Amino acid sequence: MQSLVLIPGAGLLAGAMNALAGGGSFVSLPALIAVGVPPVQANASSTVALFPSGVASAWVYRHDISPIGQVSMRALLITTLLGGFAGAGLLLHTSSQAFSFALPWLLLLASLALTFGRRIGEALRGRWTIHAYAVLAIQFLLGIYGGYFGGAVGIMMVAVWGLLDGRDIKGLNALRTLLVTVANASAVSIFIGAHAVQWPETITMLIAATIGGYLGAHAGRRAPSHVIRAGTLLLTYCVTLVFFVRTYGPSSWH
1 MQSLVLIPGA
11 GLLAGAMNAL
21 AGGGSFVSLP
31 ALIAVGVPPV
41 QANASSTVAL
51 FPSGVASAWV
61 YRHDISPIGQ
71 VSMRALLITT
81 LLGGFAGAGL
91 LLHTSSQAFS
101 FALPWLLLLA
111 SLALTFGRRI
121 GEALRGRWTI
131 HAYAVLAIQF
141 LLGIYGGYFG
151 GAVGIMMVAV
161 WGLLDGRDIK
171 GLNALRTLLV
181 TVANASAVSI
191 FIGAHAVQWP
201 ETITMLIAAT
211 IGGYLGAHAG
221 RRAPSHVIRA
231 GTLLLTYCVT
241 LVFFVRTYGP
251 SSWH
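Numbered by our numbering, the letters in the sequence shown go through residues 1 to 254 in order.
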């Protein structure tokens, strides 16, 4: 009964969050763990469940996609795809216990990226520029992170790209959406091929997330951006705190 209520609700909220400001995995992953899906399988299932809404967003943005500086689109796509494969493979070779201990720190990293990523990118852009090859090297590492966990990876990508491209964040949004989807695509193929997906929960969440993404996109046109951002950050830090207490709190000491 808990699964029948929690999974669709989390899917709706996660899809809406991704459409509005990102961070949907902060809802989908804990919900899957809460109904008994092992942590590694929950992360894989969450990635698969949220993937179609990412594809839809990338399709909407398709006419606005352009390369970063002198880095070709082909190089960006291949680098991100390979990184996503590597990250997904790394996740499947991580024990549930090890992932459970790492998860609070991954959530904290993603929360900080959501909070400060844009500001850091703007500050760095005013002081440094980096070579295109360095951008590709970092993009590969971010692809690995995207395939392994992926929280706020799009914000991290934009912060790095800003060192080579003078466009504002809105101008980079289309490429961000595409490359996050590419990293997830490689991860999804690995997770499905390795039978790491809990399909009953995943399909339910996938349908709900798609609906949530559609509704969230429409709500985003009316809701003030600062309200959306504040709500997203409050939720992400609350979830992060819960996982730190759950993993490292007094109940884990015996």
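Take the hints with a grain of salt, since some may be wrong.
Label-pair distances were calculated between CB atoms; the ranges are [what the hints assert, rightly or not]:
1) R62 - A137: 36 to 44 Å
2) L241 - G193: 21 to 29 Å
3) P200 - R229: 46 to 54 Å
4) E122 - H195: 41 to 49 Å
5) S3 - L124: 16 to 24 Å
6) E122 - G231: 20 to 28 Å
7) Y248 - R74: 42 to 50 Å
8) H63 - G36: 18 to 26 Å
9) L241 - G9: 16 to 24 Å
10) S96 - L241: 19 to 27 Å
11) I120 - G36: 22 to 30 Å
12) I130 - R229: 33 to 41 Å
13) A98 - R62: 37 to 45 Å
Source of the hints: derived by calculation from the structure; they are not laboratory data. Predicted model, so just to flag it, every value in this text is computed and none were measured. Ideal placement from N, C-alpha and C gives every residue a C-beta, glycine not left out.
Consistency of the hints with the structure:
1. Against the hinted window of 36 to 44 Å, the Cβ-Cβ separation of R62 and A137 comes to about 27 Å, which falls outside the hint.
2. Checking the proposed 21 to 29 Å range against L241 and G193 shows it is violated: the Cβ atoms sit about 35 Å from each other.
3. Take P200 and R229: their Cβ atoms lie about 34 Å apart, and the range 46 to 54 Å is violated.
4. Distance hint check for E122 and H195: the Cβ-Cβ separation is about 43 Å, which falls inside the suggested range of 41 to 49 Å.
5. Separation of S3 from L124 is about 44 Å and departs from the stated range, judged on CB atoms against 16 to 24 Å.
6. The hinted range of 20 to 28 Å is satisfied by E122 and G231, whose Cβ atoms lie roughly 23 Å apart.
7. Between Y248 and R74, the C-beta spacing of about 44 Å keeps the proposed range 42 to 50 Å intact.
8. Between H63 and G36, the C-beta spacing of about 43 Å breaks the proposed range 18 to 26 Å.
9. Between L241 and G9, the C-beta spacing of about 21 Å keeps the proposed range 16 to 24 Å intact.
10. A hinted range of 19 to 27 Å holds for the C-beta pair S96 and L241, which are about 21 Å apart.
11. At about 38 Å, the CB distance of I120 to G36 disagrees with the hint of 22 to 30 Å.
12. About 28 Å separates the C-beta atoms of I130 and R229, a value inconsistent with the hinted range of 33 to 41 Å.
13. For the hinted restraint 37 to 45 Å between A98 and R62, the CB-CB distance of approximately 38 Å keeps it satisfied.
Of the numbered hints stated above, those contradicted by the structure are hints 1, 2, 3, 5, 8, 11, 12, listed in ascending order.
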